[in-house]
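S.K.: Take a look at the letters that make up each chain.
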Amino acid sequence: MGQRLCEWTGVAPELEIDLALCNIALDHLGQANAWYEYLVEIYPQPTDVDQLAFCRDEHQYYNITLVELPNGDFAQTIAKMALFSIFNYYLHDALRQCSDARIAAIAARSYKEIQYHRRYASNWLLRLGDGTDISHKRMQKALDIVWDHAFEAFTPSPADRIMHQQGIAPDLEQIKALWEDEVHQLLHKATLSIPDTGFTGYRAKSDGVHTEHMGYLLAEMQYMQRRYPNLQW
Amino acid sequence: MTKEEILDILQQIKDPEIPNLSVIELGMIRDVELSAPNAVIVRFTPTYSGCPATTLIKMEILQRLKEAGVEHIEIVEQLSPPWTTESFSPHALEKLRQAGIAPPHPHHKRGEDPPALGIPCPYCESTDTKLLSAFGTTACKALYQCNSCGQPFDYFKCH
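Chains as they are written, first to last, in our numbering: chain F, 1 to 233; chain G, 234 to 392.
The reader is advised that the hints may include incorrect statements.
[Said to hold, decoys possible] Distance condition first, Cα-Cα at most 30 angstroms in a straight line; then the derived DSBU-like pairs of lysine-lysine: (1) Lys189(F) to Lys176(F); (2) Lys342(G) to Lys236(G); (3) Lys342(G) to Lys176(F); (4) Lys342(G) to Lys189(F); (5) Lys247(G) to Lys112(F).
Simulated from the structure, these hints should not be mistaken for laboratory data.
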């Protein structure tokens, strides 16, 4: 999500949007860094954050496909951000209570930032949906494009199941109920219709099977570490 | 070296994005421990996850303490409880104002968007101001404009 949002830097529709998207992208990168730092400490083999973030192959990434989709127009970016940040908001709200102190601490800090992401995306979705004829049409079209991908978040992967059993992560069914409630209300307020749900069997989170967009995204994201291994800023 | 001397050194280290406030005044230093003669543990709380100043500030802490003759320096990241603007002292708030940054406002609830109107202008003190963008020059700030003196200004968000 952070990598995709960075693509708006310098070319967003307005200066204020440019600043907002860059700031949100930075939040995502910072949050990812905090999780990777923790992972490095408990990883079975010696590794470092850059290895994990920049040197894995496509099938070794377990993000949901929603976040790797292209930005499209501004409406599509907002559609992705809204669906993702509302999920992220409830997920982190639950993780703040996690029995693992480090996870709880990272989640508590991230939660503060995600509140902004959720409100920013929701406000724009509302404004575009309940705006002019053209903005309404484009917002609806954008939602229709990204909608199915959101549900991957709620399909438990083997790792999700283990984490839930061990009391680390919340029940995704509960998160889904909260998400649906909020998203449906938001769409209603924005005079948008809830898209028909089609194919929801994406398996990036569970098996590392991505959309065709992921390889291109990684090619750009990993370039520096691949070209100059162990590069440090 | 005493704890007070260490704190004096840290007091000299400023946030590169808020150049007149030290890392202590910003609440980023949770504690300093002398673990042995000439060995210091600094408990450091980063602000926003993606704050690019964090790395720079840590480097400066290491460098300044080293220059002062401390041999072993350990910076321990302490995430919990998370950093908040609520720990700013009145003195720190005044310094923000002097730097042209409106300090966190009591009417702005943490986690909410900054108020659309009425954050006092740090230049002319007018409350006839409007929010331009909830995201400003850095993650911790929002952008406002004063309708009285015309000056755009940063506002430090409650966090």
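S.K.: Does each hint fit the structure? Answer for all of them.
M.R.: Checked hints:
no., hint, verdict
1, Lys189(F) to Lys176(F), "holds, 20 angstroms"
2, Lys342(G) to Lys236(G), "violated, 35 angstroms"
3, Lys342(G) to Lys176(F), "holds, 27 angstroms"
4, Lys342(G) to Lys189(F), "holds, 24 angstroms"
5, Lys247(G) to Lys112(F), "holds, 24 angstroms"
Hint violations for this structure: number 2 only, all remaining hints satisfied.
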